[in-house]
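Engineer: The whole structure should be built from the sequences, with the hints applied where relevant.
Taken in order, these protein sequences are the chains called D and E. Numbering-wise, the first sequence is residues 1 to 601 according to the numbering used here. Numbering-wise, the second sequence is residues 602 to 984 according to the numbering used here.
The set of hints was computed from the structure by calculation and includes no laboratory data.
Cut-off 27 Å, straight-line C-alpha distance, at most; resulting in silico cross-link-like pairs (BS3-like, lysine-lysine):
| # | chain 1 | residue 1 | chain 2 | residue 2 |
| --- | --- | --- | --- | --- |
| 1 | D | Lys517 | E | Lys653 |
| 2 | E | Lys929 | D | Lys598 |
| 3 | D | Lys560 | E | Lys956 |
| 4 | D | Lys530 | E | Lys929 |
| 5 | D | Lys517 | E | Lys943 |
So the derived label-pair ranges between C-beta atoms look like this:
| # | chain 1 | residue 1 | chain 2 | residue 2 | range |
| --- | --- | --- | --- | --- | --- |
| 6 | D | Leu589 | E | Asp909 | 33 to 39 Å |
| 7 | E | Glu623 | D | Ala539 | 55 to 61 Å |
| 8 | E | Thr673 | D | Arg301 | 47 to 53 Å |
| 9 | E | Glu713 | D | Thr519 | 38 to 44 Å |
| 10 | D | Thr519 | E | Glu607 | 43 to 49 Å |
| 11 | D | Pro492 | E | Glu878 | 55 to 61 Å |
| 12 | D | Glu104 | E | Asn689 | 34 to 40 Å |
| 13 | D | Leu528 | E | His681 | 47 to 53 Å |
| 14 | E | Thr981 | D | Leu589 | 37 to 43 Å |
Where is the CB? At the ideal position from N, CA and C, for every residue including glycine.
Letter by letter, the chains look like this.
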Amino acid sequence: MATEVYVNQKYLGTVDNLALFMEDFKDQRRKGQIEIQANIFYNKAVGEIHVSSQKGRSLRPLIIIKEGKSLLVEKHIEQLTAGEITWDDLTRQGVIEYLDAYEEENALVAFNEEQLTTEHTHMEITPGSITGITTALVPFGNYNQSSRLIIGSKNQKQAIGFYAANYHIRMDMDSNLMHYPQYPIIKTQLHDVTNYAEHPAGQNVVVAIMSYKGYNMEDGVILNKSSVERGLARSSYFKPVSAELLRYSGGLTDELEIPDKETKGYRTEADYKFLEEDGIIYPEAKLNEGDVVIGRTSPPRFLNSLDEYNLSVGVRRESSIALKHGERGIADFITLTESEEGNKLVQVRLREERIPEIGDKFTSRHGQKGVVGVLIPQTDLPFSQSGVVPDLIFTPHGVSSRMTVSHLLELLGAKVGALAARHVDATLFDSENEDALRLELAKLGFKEDATEVMYDGISGKRMLARIYIGNMYYLRLRHMVANKMQSRARGPIQLLTRQPTEGKAREGGLRLGEMEKDTFVAHGATLLLKERFDSDRVAIPVCMKSGLIGYFDGRTKQLKSPIYGEDSDVAYVEMSYAFKLLLDELLSLGIYPHLSLKDKF
Amino acid sequence: MKKEIETLISSFKDRLSPTIIEKAMNEIPTTVSKKDAEEIMNLILKATVKAKVAPGECVGLVSAESIGEPGTQMTLNTFHFAGVAEMNVTVGLPRLIEIFDARKTIKTPMMEIYLKEGHSSLEQVKTFAKKIKETLLAEVLSDVSVDILDQKVSLQINEEAAKSYGHDTAQILKLLKTKLKTFSTSQGESSNEIELTMKSAKTDNLKELHGVKGKLMKIKIHGMKGIKQVLPVERSGQYVILTSGCNLKEVLELDEVDSLRTSTNDLYEIEKVLGIEATRNAIIEETVKVIEAQGLNIDIRHIMLVADIMCVTGVLKGITRFGVVKEKSSVLARASFETPVKHMFTSAMAGEVDKLQSVVENVMINQPVPVGTGLPSLITKMK
Numbered sequence: 001m002a003t004e005v006y007v008n009q010k011y012l013g014t015v016d017n018l019a020l021f022m023e024d025f026k027d028q029r030r031k032g033q034i035e036i037q038a039n040i041f042y043n044k045a046v047g048e049i050h051v052s053s054q055k056g057r058s059l060r061p062l063i064i065i066k067e068g069k070s071l072l073v074e075k076h077i078e079q080l081t082a083g084e085i086t087w088d089d090l091t092r093q094g095v096i097e098y099l100d101a102y103e104e105e106n107a108l109v110a111f112n113e114e115q116l117t118t119e120h121t122h123m124e125i126t127p128g129s130i131t132g133i134t135t136a137l138v139p140f141g142n143y144n145q146s147s148r149l150i151i152g153s154k155n156q157k158q159a160i161g162f163y164a165a166n167y168h169i170r171m172d173m174d175s176n177l178m179h180y181p182q183y184p185i186i187k188t189q190l191h192d193v194t195n196y197a198e199h200p201a202g203q204n205v206v207v208a209i210m211s212y213k214g215y216n217m218e219d220g221v222i223l224n225k226s227s228v229e230r231g232l233a234r235s236s237y238f239k240p241v242s243a244e245l246l247r248y249s250g251g252l253t254d255e256l257e258i259p260d261k262e263t264k265g266y267r268t269e270a271d272y273k274f275l276e277e278d279g280i281i282y283p284e285a286k287l288n289e290g291d292v293v294i295g296r297t298s299p300p301r302f303l304n305s306l307d308e309y310n311l312s313v314g315v316r317r318e319s320s321i322a323l324k325h326g327e328r329g330i331a332d333f334i335t336l337t338e339s340e341e342g343n344k345l346v347q348v349r350l351r352e353e354r355i356p357e358i359g360d361k362f363t364s365r366h367g368q369k370g371v372v373g374v375l376i377p378q379t380d381l382p383f384s385q386s387g388v389v390p391d392l393i394f395t396p397h398g399v400s401s402r403m404t405v406s407h408l409l410e411l412l413g414a415k416v417g418a419l420a421a422r423h424v425d426a427t428l429f430d431s432e433n434e435d436a437l438r439l440e441l442a443k444l445g446f447k448e449d450a451t452e453v454m455y456d457g458i459s460g461k462r463m464l465a466r467i468y469i470g471n472m473y474y475l476r477l478r479h480m481v482a483n484k485m486q487s488r489a490r491g492p493i494q495l496l497t498r499q500p501t502e503g504k505a506r507e508g509g510l511r512l513g514e515m516e517k518d519t520f521v522a523h524g525a526t527l528l529l530k531e532r533f534d535s536d537r538v539a540i541p542v543c544m545k546s547g548l549i550g551y552f553d554g555r556t557k558q559l560k561s562p563i564y565g566e567d568s569d570v571a572y573v574e575m576s577y578a579f580k581l582l583l584d585e586l587l588s589l590g591i592y593p594h595l596s597l598k599d600k601f
Numbered sequence: 602m603k604k605e606i607e608t609l610i611s612s613f614k615d616r617l618s619p620t621i622i623e624k625a626m627n628e629i630p631t632t633v634s635k636k637d638a639e640e641i642m643n644l645i646l647k648a649t650v651k652a653k654v655a656p657g658e659c660v661g662l663v664s665a666e667s668i669g670e671p672g673t674q675m676t677l678n679t680f681h682f683a684g685v686a687e688m689n690v691t692v693g694l695p696r697l698i699e700i701f702d703a704r705k706t707i708k709t710p711m712m713e714i715y716l717k718e719g720h721s722s723l724e725q726v727k728t729f730a731k732k733i734k735e736t737l738l739a740e741v742l743s744d745v746s747v748d749i750l751d752q753k754v755s756l757q758i759n760e761e762a763a764k765s766y767g768h769d770t771a772q773i774l775k776l777l778k779t780k781l782k783t784f785s786t787s788q789g790e791s792s793n794e795i796e797l798t799m800k801s802a803k804t805d806n807l808k809e810l811h812g813v814k815g816k817l818m819k820i821k822i823h824g825m826k827g828i829k830q831v832l833p834v835e836r837s838g839q840y841v842i843l844t845s846g847c848n849l850k851e852v853l854e855l856d857e858v859d860s861l862r863t864s865t866n867d868l869y870e871i872e873k874v875l876g877i878e879a880t881r882n883a884i885i886e887e888t889v890k891v892i893e894a895q896g897l898n899i900d901i902r903h904i905m906l907v908a909d910i911m912c913v914t915g916v917l918k919g920i921t922r923f924g925v926v927k928e929k930s931s932v933l934a935r936a937s938f939e940t941p942v943k944h945m946f947t948s949a950m951a952g953e954v955d956k957l958q959s960v961v962e963n964v965m966i967n968q969p970v971p972v973g974t975g976l977p978s979l980i981t982k983m984k
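Structural biologist: Next up, the structure:
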């Protein structure tokens, strides 16, 4: 019976001998006569052969198995280690081939050599290839729930590290740089492959898994203040400020200068104190909010015929770039360049040292993130018999529900690594044996379960429980309170509603929303509720005759009704501006909302 | 002695409710001294006063919060019975919304049928269940063929299936004669075949000929309309029939049915058959059922308040803009709950006046709301 053959979803013809055709195709591909990235797939359900060679299919390499034997033999490994052959040679020799998602359906892939039977067509190069690069960076990953692996790999992407060696001449938007990054004691093969040593993103710290004064409950961590003062997890934060000098019609341009006092919108003299004569800040100036970084003036906005008689003609507008509310930093690096449109562009990079503080986010590599709850001086922290004081205290309650066994294993493994002065391999499915690590720890003179007797740092009393303590690779994540915290008592309001603005960038307030309002009502705290909602309180003149909103006539110094003018009583009524807006909007709908007023007493 | 105590108790009449007085009369032993009896009554009075809700307490909102908050924790949405694919019950938040919205058509209407004493052995329950289950013609047919040329439809009856419902081909033939008007029915060639021939042989009847197939399938040959599935289950030593689909009126009319305990989860069905008081109780019962199934706990008085509000007008009203909210006197309050413009227009045309007597309106204009501390005010006599 003939089987239909489709090449890239297009019908090509039929073949009589299905098995022979498939075999032939694969053979020729392995010999290099057919492009190595082409794939063949027999769809059993509909009885069609599909050959694909399009772009966009993800392929993965597998070792070819023939009659239950791997085509990759000892000789290849030797040659590979000796550097005589490369990966490409293996694909050329037909030892390794690439399968796409479809051809995988026809393949039976063994996990490792022990599993091999005559049924198998392929074998994994490494069982760890089940994951991607960042996930493979999680040590002892095969001991974990899959969801924790995902979180662990996501967290690593947010870690502060040594992201580029040329950081000092880069103008990155919001970049962080760790000051003393280290290579992890517990590493995986992927750390070697990806040259992790050249861009590490964390530090090896001593971790105790215990509770201490309750400051690490609910995903909190306690940091050793003394360690932090010695530079633990310290980083720098870089942020550029830029100004473009635009050109306007009529040959007018923006100018880079310290604005003249005549300039429209001139700030105070103190605001410009850091600017040099060219209108740009000098390097290493310590800036606070409101300080001008780049002095700039723009030409007047509208020029019309009346301005000829206007004395203020030619007065330039101030358009300097200043630090916004809550911003600070040191002018670090300045570039003068040209924008895409060919305008002059000034960029000033601000630098800020970020010392870990309460509210900063840390994580191990196992999806065990935590926020610093307190920094405790070394003198007050628990210490072990040999005088070891933890850099970080992690809560035991974080482990039981999340079942991150790898977190515990890393602590033990890194303790061995630190004591034996070696790296410990924790590659997915291929890690060092736990029992061997425990044995080694015992040989090093510690309890094999990595627990130690500890003493309370404040009272000096021995603690009743032995504490699980060891080393771990901890990452500092880029979510820092310094970037996020904000407060407001009074400040900007929206033009339309006269209610406070929203969001940190606009120095906004925290909204007391619908459900929060309900709690006030439920408690019967009526007057407190009214006070909370007083942010847009206004007194509006209301005409008692027409019920419409009146106005104050500045010329006659009289309150007037929009309909009856002076022939009506107009009284001030206190209400929220949002309600006045609602009344106006109703008017725009063609609805006439009367306010009928009554004497209060 | 007895008389003394009785007079003492009745002296509390104006301060305690009649039920409490009655209970006190019955339950305070006559052997106690007058002094002790007085102390008991004073304690009762104290407890009663303490249990009362303070004036200005915002009970509606507290109820809303008390039901709304646990609602966020509800997880399971449907419950399935093992073995019966068609039987599933909406539970959790979707069901809660269904109840409070007073939906006309609910997702999974159900009945719980209890049988009277003497009709409730397992065998009897099983036969009863079979009796009321709605059986459609489709279930006893093995084949249907439409002959376009002769304008004929022939049905092959699966006699075995028909027999299990106590029917045979002859009975079905009889039934079809009464149900189909445009077709004449006759016995086919074999014993289990029925032939339908179109009475008026016109050529433009093709469409009807095709349509009749679907119509045939839906013909009820047995059971009660709406009862799609039955499932007898044992519940504390008794057999209960759970049904998918409901038809409360007809079920209650059956002799074997214990009409006191039989119920449904369809609120409108209950309102139609049993009236508004029963509906109020059904709302409370159904809500409690949902909440308890989720392992949550809400004080029943919150639910009772909601049920009262839904039933207070004498007809069932959901907490929607067509139901309870529509009854609100304040224009602003109504407008603040869904479709504001529509409400504004209709009340503007009616020239409605908002007296600003409730909470929402006063929050909007930022005036003290008339609950809690906003309620009392000073009255000064002016000379």
